[in-house]
Amino acid sequence: MPSTNSEQIANDYLELAATLKNLPLFMAFVTDRARQSGFSSKRIAEVELVIEEALVNIIDYAYPDREGWLRLNLKTGAEGGLKLEIKDRGVAFNPLEIEDPDLRAELMERPVGGLGVFLIKKFSDNLFWKQQGDENCLTIIFKKRHA
Amino acid sequence: MEIKELKSEGEALVATLSGRMDAMTGGEFTDQMGIWIEAGLENFIIDCSKLDYISSAGLRAILMAAKRIKSLNGSLQLAALQESVNNVFSISGFDKIIPIKETLEDALNQ
Chain E
116 MPSTNSEQIA NDYLELAATL KNLPLFMAFV TDRARQSGFS SKRIAEVELV
166 IEEALVNIID YAYPDREGWL RLNLKTGAEG GLKLEIKDRG VAFNPLEIED
216 PDLRAELMER PVGGLGVFLI KKFSDNLFWK QQGDENCLTI IFKKRHA
Chain P
4 MEIKELKSEG EALVATLSGR MDAMTGGEFT DQMGIWIEAG LENFIIDCSK
54 LDYISSAGLR AILMAAKRIK SLNGSLQLAA LQESVNNVFS ISGFDKIIPI
104 KETLEDALNQ
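Here the protein sequences come in this chain order: E and P. At position 31 of the first sequence (counting the first as 1) the number is 146 in our numbering, and the numbers step up by one without a gap. At position 20 of the second sequence (counting the first as 1) the number is 23 in our numbering, and the numbers step up by one without a gap.
Chain E on its own, in the form it takes in the complex:
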């Protein structure tokens, strides 16, 4: 199959209610594509972790007083990498503004929480956030392998 053809096919989205119950569907949507694109199982596990962390933030905090949706746009990049856009219409929240945890703190001084965004940063290859109208849009780039 010519690559132009497969890139046209490889452009997809999934939009569902932002609930924990739908998390496995969102995760499978991305990891299935990563598998088809030839990501190693080690890299797929990292992709899975990033998706969980990013989506759980939205599921837990974006819609505090109402139900809302969550949309994933997924594109396969030129070198077989993935470009994932995560969109919601909830509370404006830029995860990139969250400070990294102090990894040298002693056990009793380590705060509970605050690791999710840090793990997103560590296991993704590029990360952008913007507000488009009333939408939060987080773009995550995954290369097949870590540089």
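Incorrect hints may appear among the rest.
[Stated by the list, open to error] To be clear about the criterion: a stretch of chain P counts as covered by chain E if any three or more of its residues have a C-beta under 8 Å from a C-beta of chain E, and this derived list gives those stretches:
id, stretch
1, 23–29
2, 51–59
3, 62–69
4, 93–104
Bear in mind the hints are in silico, worked out from the structure with no lab data behind them. Beta carbons: idealized from backbone N, C-alpha and C, even for Gly.
Given the structure of chain E, go ahead and fit chain P onto it with the hints provided.
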């Protein structure tokens, strides 16, 4: 995720964790540890050889347990982490705050 009590070895309770420790299952660990701690147990060895996946929700559950156990002067050791889980632990700095043994035997022989 499954949490199974394996045995009580000396003063420590040995349990196995298997499956996925994530946003959906992290609470099960917190609940089970709570039950054991309420029952008076203070020393724990957790065999993670069958734990396939951990996210920040799982790390949070382990950190909460480790803090609670430390405040009781007990001990929590993890053993036999799979590579991907170990990777998440070391990136998060958890290998510096929670004792991790390469094998279950290493933990038992402490």
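Now for the hints, and whether the structure bears them out:
1. 23–29: Per the Cβ count (3), the hint holds.
2. 51–59: With 3 residues in contact (Cβ-Cβ under 8 Å with chain E), the coverage given for the stretch 51–59 of chain P holds.
3. 62–69: holds (count 5)
4. 93–104: holds (count 6)
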